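Starting from the known structure of chain A, arrange chain B on it as the hints suggest.
2 protein chains.
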Amino acid sequence: MTTDMTTDTHDQRNNNFEIAHVTVLGTGVLGSEIAYQTAYSGFAVTAYDISEEILEAARTRFEALATRFENEVNGAAGGRAQAALTRIRYSSDLKDAAHDADLVIEAVPEILDLKRDVYQHLGQVAPERTIFATNSSTLLPSQMADSSGRPDRFLAMHFANKIWIHNTAEIVGDPCTDPAVYQTVVAFARRIGMEPIELHKEQPGYVLNALAVPWMGAALKLLIRDIADPETIDKTWRIDKEAPEGPFQNMDRVGLKTVYDIYAASDDEELRAAANYVKQHYIDKGKLGQPTGEGFYRYPAAT
Amino acid sequence: MTTDMTTDTHDQRNNNFEIAHVTVLGTGVLGSEIAYQTAYSGFAVTAYDISEEILEAARTRFEALATRFENEVNGAAGGRAQAALTRIRYSSDLKDAAHDADLVIEAVPEILDLKRDVYQHLGQVAPERTIFATNSSTLLPSQMADSSGRPDRFLAMHFANKIWIHNTAEIVGDPCTDPAVYQTVVAFARRIGMEPIELHKEQPGYVLNALAVPWMGAALKLLIRDIADPETIDKTWRIDKEAPEGPFQNMDRVGLKTVYDIYAASDDEELRAAANYVKQHYIDKGKLGQPTGEGFYRYPAAT
Chain A
1 MTTDMTTDTH
11 DQRNNNFEIA
21 HVTVLGTGVL
31 GSEIAYQTAY
41 SGFAVTAYDI
51 SEEILEAART
61 RFEALATRFE
71 NEVNGAAGGR
81 AQAALTRIRY
91 SSDLKDAAHD
101 ADLVIEAVPE
111 ILDLKRDVYQ
121 HLGQVAPERT
131 IFATNSSTLL
141 PSQMADSSGR
151 PDRFLAMHFA
161 NKIWIHNTAE
171 IVGDPCTDPA
181 VYQTVVAFAR
191 RIGMEPIELH
201 KEQPGYVLNA
211 LAVPWMGAAL
221 KLLIRDIADP
231 ETIDKTWRID
241 KEAPEGPFQN
251 MDRVGLKTVY
261 DIYAASDDEE
271 LRAAANYVKQ
281 HYIDKGKLGQ
291 PTGEGFYRYP
301 AAT
Chain B
1001 MTTDMTTDTH
1011 DQRNNNFEIA
1021 HVTVLGTGVL
1031 GSEIAYQTAY
1041 SGFAVTAYDI
1051 SEEILEAART
1061 RFEALATRFE
1071 NEVNGAAGGR
1081 AQAALTRIRY
1091 SSDLKDAAHD
1101 ADLVIEAVPE
1111 ILDLKRDVYQ
1121 HLGQVAPERT
1131 IFATNSSTLL
1141 PSQMADSSGR
1151 PDRFLAMHFA
1161 NKIWIHNTAE
1171 IVGDPCTDPA
1181 VYQTVVAFAR
1191 RIGMEPIELH
1201 KEQPGYVLNA
1211 LAVPWMGAAL
1221 KLLIRDIADP
1231 ETIDKTWRID
1241 KEAPEGPFQN
1251 MDRVGLKTVY
1261 DIYAASDDEE
1271 LRAAANYVKQ
1281 HYIDKGKLGQ
1291 PTGEGFYRYP
1301 AAT
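Residue numbers (the working numbering), protein chains in the order written: chain A, 1 to 303; chain B, 1001 to 1303.
Okay, chain A solo, but in the shape it has when bound (with noise of 0.2 Å):
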């Protein structure tokens, strides 16, 4: 880590809490990214999953993930890139992975009761100082805080596929959350290149969510009563408002059985017939979207 990081004195002006070590819980497709993009941007890191085998899969995604920033990421080739990989080390044990942190970042499955577990048992082998973040997409920080035990030092920190594009870090405190916190997440925030989105209070699905949901959901009706295909719909929505993706494009893009799991949920009668018609129309015959190959479309091998 450089020190001109470290030494940011316009954070220090605004908050008390310094941030150096960060340990992201969670090794999947996002948690990967974030402790990449950490480390990347020059703090230390350290990555935990719950064995050694999984976190051996994870290196290789670290790696992977070097080779795509050297492709994608201005100034990442020559170098900067493989460096971030020497400043990720790795734990399948909490306490250890927690010791030195001043930052968690949790991005374990999207599982309610066990997200609270993973927080209990943080918050008794943290040290006082450290700051909690989820990176919880459907849950709101105030149904974990309180399992954390230090809830002034717990929020959401939200961050999007492809984090080094798509670099949006949603932040959300809940009424506990210390001012101080949140200024010091949102400092953070920016000196991992996110640009921070501050929600002023809780808002189930956050900003982003709060958008796509509603506007995968109509495009998901226009199907299921028969008004145009997918294509079509994706079309006119490309079109009208210059955009490189319509619905269906981004629903094969977020996977079709979040997809599922977002309308099965819904309030809405018809949302949940569409969930099912997506369940039976792709999910059932193996089309989970473009990691699969094929969704509403089919892609080619090995997008």
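Take these hints with a grain of salt, some might be off.
Subject to a maximum C-alpha distance of 16 Å in a straight line, what follows is the list of computed EDC-like cross-link-like pairs (lysine to aspartate or glutamate) [what the hints assert, rightly or not]: (1) B:Lys1235 / A:Glu195; (2) A:Lys257 / A:Glu294; (3) B:Lys1221 / B:Asp1267; (4) A:Lys235 / B:Asp1267; (5) B:Lys1221 / B:Asp1268; (6) B:Lys1257 / B:Glu1110; (7) A:Lys162 / A:Glu70; (8) A:Lys221 / B:Glu1269; (9) A:Lys162 / B:Glu1202; (10) A:Lys162 / A:Glu52; (11) B:Lys1201 / A:Asp102; (12) A:Lys201 / B:Asp1226; (13) B:Lys1201 / A:Asp226; (14) B:Lys1235 / A:Glu198; (15) A:Lys235 / B:Glu1195; (16) A:Lys201 / B:Asp1229; (17) B:Lys1221 / A:Glu202.
It is worth saying that the hints were derived from the structure and are not from the lab.
The model shown is predicted, which means the values in this text are computed figures rather than measured ones.
What follows is chain B alone, placed relative to chain A:
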């Protein structure tokens, strides 16, 4: 009009209607764009409006469009954009305007009774063969078809603003529409450079507004709940979707009076409250969106 357009054998195979003369009713912003785009594509166009004074203003609009095409449309400079102006004739007499029309595109104000009156009159003065297409975005063909006296030759063809860039034509019949008429209009849309968006059946808002209305509504809810400000909400969308505009930028472009009209009529109490918020904080202060220089954002003069 060039010969290759009038003798397009592909079109002739698919239908029994030949389109050579097109009359556009209404010379407002979108009506003018439709008429000019049609003339630019080689058709003989009659622009109809209710007074010579309005038609004089339309003439200025068409000239401005020719200049705009010269600057923005490939191949329009060097005479082609100007030549389109010579293919437009003007009429404030409906019988005269319609007397040789193969297709009438109606773009009069979005008031059902007004449109029905226009179609009742038009049905009496237009030739038997003439197809009627409404550009309505908020009304459905089945609400007007019977007033025309020729429901089999009646459908909706909905254009978007900045027709030369946002070149969608949403085409919607009602159960009475003759399939050959529908296909004639689809082929015509292609011949004037549009992407025909074929809807299998009627849908309020067609495709585009069925997607955009829930998306803008979700953004308004975030605003009136004080979750975040318009700039932050738009930024979040732009970054994640790699899109040029967020929902508030889009609303400024649509115009805030239209936004008010959409949500003031909503079944959703919170959206009606959002409509009132827009009225109080923007419309009542003369902030009507991009054309007036200010809406959710401020715009430099003369945009």
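A quick look at each hint next to the structure:
1. Between Lys1235 (chain B) and Glu195 (chain A) the CA atoms are separated by roughly 9 Å; this keeps the pair inside 16 Å, and the hint holds.
2. Restraint check for Lys257 (chain A) and Glu294 (chain A): the C-alpha separation of about 13 Å stays at or below 16 Å, so the hint holds.
3. For the suggested pair Lys1221 (chain B) and Asp1267 (chain B), the alpha carbons sit about 14 Å apart, so the restraint of at most 16 Å is met.
4. Distance check on the hinted pair: Lys235 (chain A) and Asp1267 (chain B) sit about 29 Å apart at the alpha-carbon level, beyond 16 Å; violated.
5. At roughly 11 Å between alpha-carbon atoms, Lys1221 (chain B) and Asp1268 (chain B) fall within 16 Å of each other, so this suggested pair holds.
6. Of the supplied pair hints, the one linking Lys1257 (chain B) and Glu1110 (chain B) holds, its CA atoms being roughly 13 Å apart against a limit of 16 Å.
7. Distance hint between Lys162 (chain A) and Glu70 (chain A) is fulfilled; the C-alpha atoms sit about 14 Å from each other, no more than 16 Å.
8. Note on Lys221 (chain A) and Glu1269 (chain B): the hinted pairing is violated, with a Cα-Cα distance of about 21 Å set against a maximum of 16 Å.
9. For a cut-off of 16 Å, the pair hint linking Lys162 (chain A) to Glu1202 (chain B) is broken: about 38 Å separates their Cα positions.
10. Distance restraint check for Lys162 (chain A) and Glu52 (chain A): the Cα-Cα separation of roughly 25 Å exceeds the 16 Å cut-off, and the hinted pair is therefore not satisfied.
11. Straight-line distance between C-alpha atoms of Lys1201 (chain B) and Asp102 (chain A) comes to about 58 Å, which puts the hinted pair past the 16 Å bound.
12. Distance hint between Lys201 (chain A) and Asp1226 (chain B) is fulfilled; the C-alpha atoms sit about 8 Å from each other, no more than 16 Å.
13. Simply put, Lys1201 (chain B) and Asp226 (chain A) have alpha-carbon atoms about 8 Å apart, close enough for the 16 Å limit, and the pair holds.
14. In summary, the hint linking Lys1235 (chain B) to Glu198 (chain A) is supported, as the alpha carbons are separated by about 11 Å, within the 16 Å threshold.
15. The hinted pair formed by Lys235 (chain A) and Glu1195 (chain B) meets the criterion: a straight-line CA distance of about 9 Å does not exceed 16 Å.
16. Note on Lys201 (chain A) and Asp1229 (chain B): the hinted pairing holds, with a Cα-Cα distance of about 12 Å set against a maximum of 16 Å.
17. Distance hint between Lys1221 (chain B) and Glu202 (chain A) is fulfilled; the C-alpha atoms sit about 13 Å from each other, no more than 16 Å.
The structure shown violates the earlier hints numbered 4, 8, 9, 10 and 11.
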